[in-house]
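Enquirer: Listed here are the chains, written in short residue letters.
Protein chains: 2
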Amino acid sequence: MADAVHEFELIERIVARLRDTARGDGVVLGPGDDAAVLEIPTGHQFVVSTDTLVADRHYPGGACADAIGYRSLAVATSDLAAMGATPAFATVSLTAENLTVNWAEHYAGGLATAARDFGITIVGGNIARGPESVTVTVHGHTPGGMAITRSGAKPGEVLYVTGSLGGAGLALADENLGEWSLVALKEDSPLKRYWMPRPRLELGIGLRGIASAAIDISDGLSSDLDHLCRASGVGCDVDLDAIPLYAGATALDAVAMGDDYELALAAPPDVRDTIADLAQRHGIPITPIATLRKDANPGAGWTQGGTLVEVRPGYRHF
Amino acid sequence: MADAVHEFELIERIVARLRDTARGDGVVLGPGDDAAVLEIPTGHQFVVSTDTLVADRHYPGGACADAIGYRSLAVATSDLAAMGATPAFATVSLTAENLTVNWAEHYAGGLATAARDFGITIVGGNIARGPESVTVTVHGHTPGGMAITRSGAKPGEVLYVTGSLGGAGLALADENLGEWSLVALKEDSPLKRYWMPRPRLELGIGLRGIASAAIDISDGLSSDLDHLCRASGVGCDVDLDAIPLYAGATALDAVAMGDDYELALAAPPDVRDTIADLAQRHGIPITPIATLRKDANPGAGWTQGGTLVEVRPGYRHF
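Protein chains in written order, with numbering that gives the first Met the number 0: chain E, 0 to 317; chain S, 0 to 317.
Just chain E, with the same shape it has in the complex (with noise of 0.2 Å):
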């Protein structure tokens, strides 16, 4: 029985780091059982999105736990923020060849960190043995028929972007990437756009009913601007000046690289002033980067200086 027990304890190890994060709002029944029950605002509808990352393919093998912890919660919470939604759950697979109780509870409270951060409950999960990778399925929800969409955007509408991009790239270059705990990632520092991504959710949340359509940006704004505008049957030129830059990044690798997890939308002329103020309130710029149009052949395209220019397209799953 050692070895049953041993899983057992892990499990229970997991969950006491998890502490206040593995019960809230909602949860009528959270981890240990065969399932979760959960119960959302009478009248909201849920919505639900599942990211896998993978060691060596989506962060560093031998990274530190709490980070990758972190990190596995933000970049699939970051959907929920695309569709407006309240974020409210999460479910959690983890596999691992040597997963021990060390680096199992530093993973735990960093996804006890993100988990805060969000408004999120970790309401179960699974561990198995296997080469390394986590994937996380977040739920959240928004009153019907609120959800934000790619496909809603229109011609003649504007395109924005959230905060700043190409931060996150930055960290890329670090050789000791891997090497980062939370405590040490300083405030705005490429390092921890990359470990501690902020999904843009309360932004999100007062964009519903006011942008027609949103994607948030995780492999490079050139790829998912791509999605958007196919989605939603609109074309565009985006002008590489307009983009707003981390410092220190060029518009060329910003819009090619993932990682940053801030919003691309689109919104009606009318609705500018609303969008500006949400801006304000939340201390997050939007900047505004193009004007939708129709086209036969929907999708976006780049310019500089009134020149059409090639961009690379965002990260590969393939």
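Simulated from the structure, these hints should not be mistaken for laboratory data.
Possibly wrong hints are sitting among the right ones.
A pair holds if it fits inside one copy or across any two, identical chains being indistinguishable in the list.
As the list claims (entries may be wrong) - Straight line, CA to CA, 25 Å or less: simulated SDA-like cross-link-like pairs of lysine to any residue:
1) K153 with Q303
2) K293 with F7
3) K153 with V27
4) K153 with G31
5) K293 with E8
6) K293 with V182
7) K153 with K293
8) K153 with F7
9) K153 with P30
10) K153 with G42
Fit chain S to the supplied structure of chain E, relying on the hints for placement.
Expert: Quick look at chain S alone, frame taken from chain E:
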């Protein structure tokens, strides 16, 4: 852009292969956006569980993709059966080193077959490059407060097992286990039990308000019964001769091997007839195997012919 389009195309081909199983009741928004938007009947609660299958650990590496597809949804859905939940939605995260269109379409075909069998809509997912594994998160629902947990069993109640045990375990002896496609599996064969387990969904729903506790037998009855007894704070002695066996299985193997995905459940003595009716209506035996007792040291003990015996623990995840 060739690689980005490839990923796009791959997802499109998977969704195309899912056909009707990628849309269904309660799905406001299905695959293709940042997240899915879902609805369940008013007054119901969400029931959510996640499971990961790792190649070479939970199934033979190189196994037929359609068989992996079916099994990955089945094992996750079995947790919904144990909760008495009506199955509804699933997200699927697929990781593989060389995810070809052919492999992905076969995987999606098996997944779709299972989704149809269980009444589940595939509402989203993720694909990533990395060592082969599949994580499925399933979502079901029950009327408020009606979910069956592991912790509700009481002393004096009767412990039951559905169906028969040991069938799937026999398949592990087949050295060609990984070479079977779904269409080649013979009805009621050990191989079919292994690759196409049938979660006891109708029984689970029928047991709402009748069973005081339930758990699905995924790791083996010896482990899973121990979980139920500990969660409920009760003890029991199970006689090996009382275990309903698949033809050709021995009791000692059957209780220690997982993969059958039957249910263990507890219920008060006075609903014995109701349970017998339920078994008859669904054509699935529900066999009483022990009576629960107060126990200062909760857990399951084992006897044979009145003598205490040692059984092996179930599947060890670590």
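Enquirer: Honestly, which of those hints from before does the structure not fit?
Expert: Hints 6, 10 contradicted; others consistent.
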